[in-house]
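*Asks:* Listed below are the residues making up each chain.
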Amino acid sequence: MTAPHRPTVSWAKETERVEQRIVIESDGTIVARSGKVEYGQGIRTGFARIVAEELAVPPERVRVELGETDRVPWDMGTFGSLSTATDGSALRAASIFARHLLLSRASTMLGVPEAGLRLRDGVVRAEDGRTVTYAALVETDPLVGVVPAGLIALSASIVDAGPSRLEAVEIVTGRARYPADVRLPGMLRGHVLRAPRLGSRLAELDERDARAMPGVVAVVRDGNFVGVVAERGAQAVAAVEALHARWESAGEPSAEPFRSELRRDGGVDAALASAAHRLSAAYHVPHISHGSISPSAAVADVREAGADLYVATQRPFGLRDEVAALLGMLPERVHVHPQMMSGLFGRGNMVGAAADAARLSRAVKRPVLVQWTRAEEFAHSPQRPVLDAAIDGAVDANGVVAAWRYRVTTNPHAYGGAQGPPRIIEMTSGRNAEPPYRLGRVEITLSVVPAAIRTGAFRSLAAAPNVFAIESFLDELAHAAGRDPLAFRLGMIDDPRLRRVLETVAKRSAWGGRPRPAGRGIGIACAIYHGTYVAEVAEVSVAADGQVRLEKVWCAVDAGRLVHPDGARNQIEGGIQQAASWTLLEALSVRDGQVTAATWSDYPIATFLDAPRDIDVEFVGDPRTPSTGVGEPGSVPTAAAIANAVFAASGARVRTLPLTAAAVRAAQTTRP
Amino acid sequence: MRVRLNVNGEIREADVPAGTSLLDVLRDDCGLTGARFGCGHGICGACVVLVDGQPTPACVTGAETVGDRAIVTVEGLSKGGDLHPVQQAFVDEDAMQCGACTSGMVMAAVALLSRTPDPSEDDVRAALAPHLCRCGVYLRAVRAVRKAAR
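Residue numbers (my numbering), protein chains in the order written: chain A, 1 to 672; chain B, 1001 to 1150.
Read the hints as simulated data drawn from the structure, not as lab findings.
Do not rely on the hints blindly, as some may be mistaken.
[To be verified] Just a few of them, taken from the derived set where beta-carbon distance is under 8 Å, the chain A residues facing chain B:
(1) Glu167
(2) Ala234
(3) His335
(4) His337
(5) Met340
(6) Met341
(7) Thr599
(8) Phe608
(9) Leu609
(10) Ala611
[Claimed, not checked] Distance ranges between label pairs, derived from CB positions:
(11) B:Gly1019 <-> A:Ala662: 35 to 43 Å
(12) B:Glu1010 <-> A:Pro142: 23 to 31 Å
(13) B:Arg1069 <-> A:Glu25: 46 to 54 Å
(14) A:Leu205 <-> B:Asp1082: 51 to 59 Å
(15) A:Glu231 <-> B:Gly1081: 30 to 38 Å
[To be verified] Derived list of chain A stretches under chain B, where covered just means 3 residues or more per stretch with a C-beta under 8 Å from a C-beta of chain B:
(16) 63-71
(17) 451-457
(18) 576-586
Glycine residues also receive a C-beta, built at the ideal position from the N, C-alpha and C atoms.
Hey, can you work out the whole structure from these sequences and the hints?
*Replies:* What follows is the structure, encoded as structure tokens:
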């Protein structure tokens, strides 16, 4: 009854074969294969370091192939901060098994026991000085076989030296190739007419003006899908603007709301009624945009025999299957080639530009590049769902929570909407709805309702919005009970790893030390996200007009064994910076089923001028515990840490994001 | 319309429709895709190149308005195999994640250091403020630019 949180779902694959993961080429290059993709989180480098560590070569000697659907093992998708935990572990196990095979073969070849052999820089060396290269050991007999279970890292040491990011030089020289940079012979440009709102149906289309525009090669219509193919990108965009379309509404989407009791202990009402301090509050988190710096783009080359897709996607195999269905081809004939990708943060789960390009390429029988505009990206991306949380809580005379009722309503956070299997909806739209504390009698109810606009996966799914509500309310309860927010939390935590990150961040930030000057304050929040423990302290200043400035953030993280410490640090810093932007600046306004933002002026995000003066990250994980993810966890507690700091600085309890000056002023006049 | 541009020290010519942006000419006619398309409104900074040393959003600059002014793109920074000190500093500080904003930031930093050889942190923040980064590498980028100055 007091289980603090659900166990992490296992995404592990059934059987791993070494030849699907690790190939040693004749020049000594080690090819490592994964169905995951790279969009700035650094997994190419991380995977290379794992393989390099186990096979005793420099990371530069490892070529990591990611998401190439013809060559890599099937994978569900790159999300949930799971790549290092799952595929990183699979690559490590495959590398350890490959090492065993190499040693065994070298032992036979050199006629010495394995114990007398050392691996270094792609060479096996015997004590008498004789050597054989890995390439020679596999020349006529490639490494094959089922990777035995239970192979994990042996060494407790972690190397933080070596190259930072394997793509770094390509990036700074401009040579890195993103989908919009792909140039194929005979390639044309496409652009698509978008339905004004969800469920709109194309009633009439007059394409004569568009056909007459310069550079236009074809206007393609297929039901509600209308696109233009032209010689140049700007011509395709202009021609789409010259289409005269009349859309009609197909009526409201009829999806039934999903409702689930995630936990019901019983006795909550009685416990609420009898406790010393009782509070109720409601929190609101708005729609926000992923805001990837590069709008969606894809190149498709569709021929009779098959199709090649040059894309940014988080689901290479899902994309392959969806485009194959669209084209009426077997999935094996669709070849997905992931390119460098602008940060996706969940945006890349929808097929989008790749499907546009495939339909247009099929029609004109030439390769087509589709590049969405910024306005399209704002209006037609799947957005982060709205989340509303109503919480009742009570603290008993001992200063611990005796009852907790959490009723949360949100929109679908994953594909399949509110119609998918209940377990999946609870895992996505209900993520982190259950706090990691002993809270006495607990009731948690999840409702998932469709939004007027398309919603989808956004960094950490429902975790960051839920943790904003939960950790803000814990702060409110602590203050109501006259308790220090840190001590209050520690008094209800059983998990030593969560305790440790809180204690570490408190120490780093001098929590409870000298009081801050007027208008300054610090706030604390924490979370466990897919096995990663994270605690943050934010320091803010609040001006007389209510304007909030984020001054500094301290963060302590336990992500188990780190593969690439500075890469992990970069991810945590970035998660905090992005979440600070959501928290202080961002909300998409929706009017009549349409997003109103079309440019960055309509939807400001944090800039160099908004960045705090420092983000201090300390990792406290034990290198002997399995690696967990760092892509999302940094972003999860940030909103609550900032909101709690704003309360400490100004007395304003803001329960609706973003934390604008107006919201702070309004909260100051209606103090709790 | 025929445009004649001085790009990275070379004269490049292209026949393009009137009103074509400098960014489209660079990316589609000159094969230089290092300047990235980000917003098309001159707001995000991903497409910034130097025009006579000035950071300029190429997406809202008409190609025919550039004349014979010298254009430098990110491809024009490294000489031979050596990275420009700003590029090297971005690598050393790992001041990037996805890299979509990096070209523009690097160009702005090069321009800043040419007029302010030893910028303060505030100078760097102000000079790079027109560059949006969604991954959140702002503090690393500031460190990289100040490192390149030394």
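*Asks:* Look at each hint and say if it fits the structure.
*Replies:* Now for the hints, and whether the structure bears them out:
1. A distance limit of 8 Å between C-beta atoms decides the matter here; for Glu167 of chain A the minimum to chain B is near 7 Å, and the interface restraint holds.
2. Among the interface hints, the one on Ala234 of chain A holds; its C-beta lies about 6 Å from the nearest C-beta in chain B, closer than the 8 Å criterion.
3. At its closest, the beta carbon of His335 of chain A sits 22 Å from a beta carbon of chain B; the interface hint therefore is violated under the 8 Å criterion.
4. A least Cβ separation of about 16 Å between His337 of chain A and chain B goes past the 8 Å threshold, and the interface hint is therefore violated.
5. With a cut of 8 Å, the hint placing Met340 of chain A at the interface with chain B holds, because the nearest CB-to-CB distance is about 7 Å.
6. The interface hint given for Met341 of chain A is met, as the beta carbon of that residue sits about 6 Å from the closest beta carbon of chain B, less than 8 Å.
7. Annotation: Thr599 of chain A was flagged as interfacial toward chain B, and the flag holds, the nearest CB pair being 5 Å apart, inside 8 Å.
8. The interface hint given for Phe608 of chain A is met, as the beta carbon of that residue sits about 4 Å from the closest beta carbon of chain B, less than 8 Å.
9. Because the smallest distance between the Cβ of Leu609 of chain A and any Cβ of chain B comes to about 5 Å, under 8 Å, the interface hint for this residue holds.
10. The beta carbon of Ala611 of chain A comes within 4 Å of a beta carbon in chain B, closer than 8 Å, and the hint placing it at the interface holds.
11. Between Gly1019 of chain B and Ala662 of chain A, the C-beta spacing of about 41 Å keeps the proposed range 35 to 43 Å intact.
12. A beta carbon spacing of about 47 Å between Glu1010 of chain B and Pro142 of chain A contradicts the range 23 to 31 Å that was offered as a hint.
13. Roughly 48 Å separates the CB atoms of Arg1069 of chain B and Glu25 of chain A, a value that falls within the hinted 46 to 54 Å.
14. A hinted range of 51 to 59 Å holds for the C-beta pair Leu205 of chain A and Asp1082 of chain B, which are about 55 Å apart.
15. Between Glu231 of chain A and Gly1081 of chain B the C-beta distance comes to about 36 Å, which sits within the given range of 30 to 38 Å.
16. Counting residues of the stretch 63-71 of chain A whose beta carbon lies closer than 8 Å to any beta carbon of chain B gives 0, which falls short of the minimum of three for the stated coverage.
17. Remark: the stretch 451-457 of chain A is not confirmed as covered by chain B, as 0 of its residues place a Cβ nearer than 8 Å to a Cβ of that chain, below the required three.
18. Here the stretch 576-586 of chain A counts 4 residues with a CB under 8 Å from a CB of chain B, which clears the bar of 3, and the coverage holds.
Comparing the model with each numbered hint stated earlier shows that hints 3, 4, 12, 16 and 17 do not hold.
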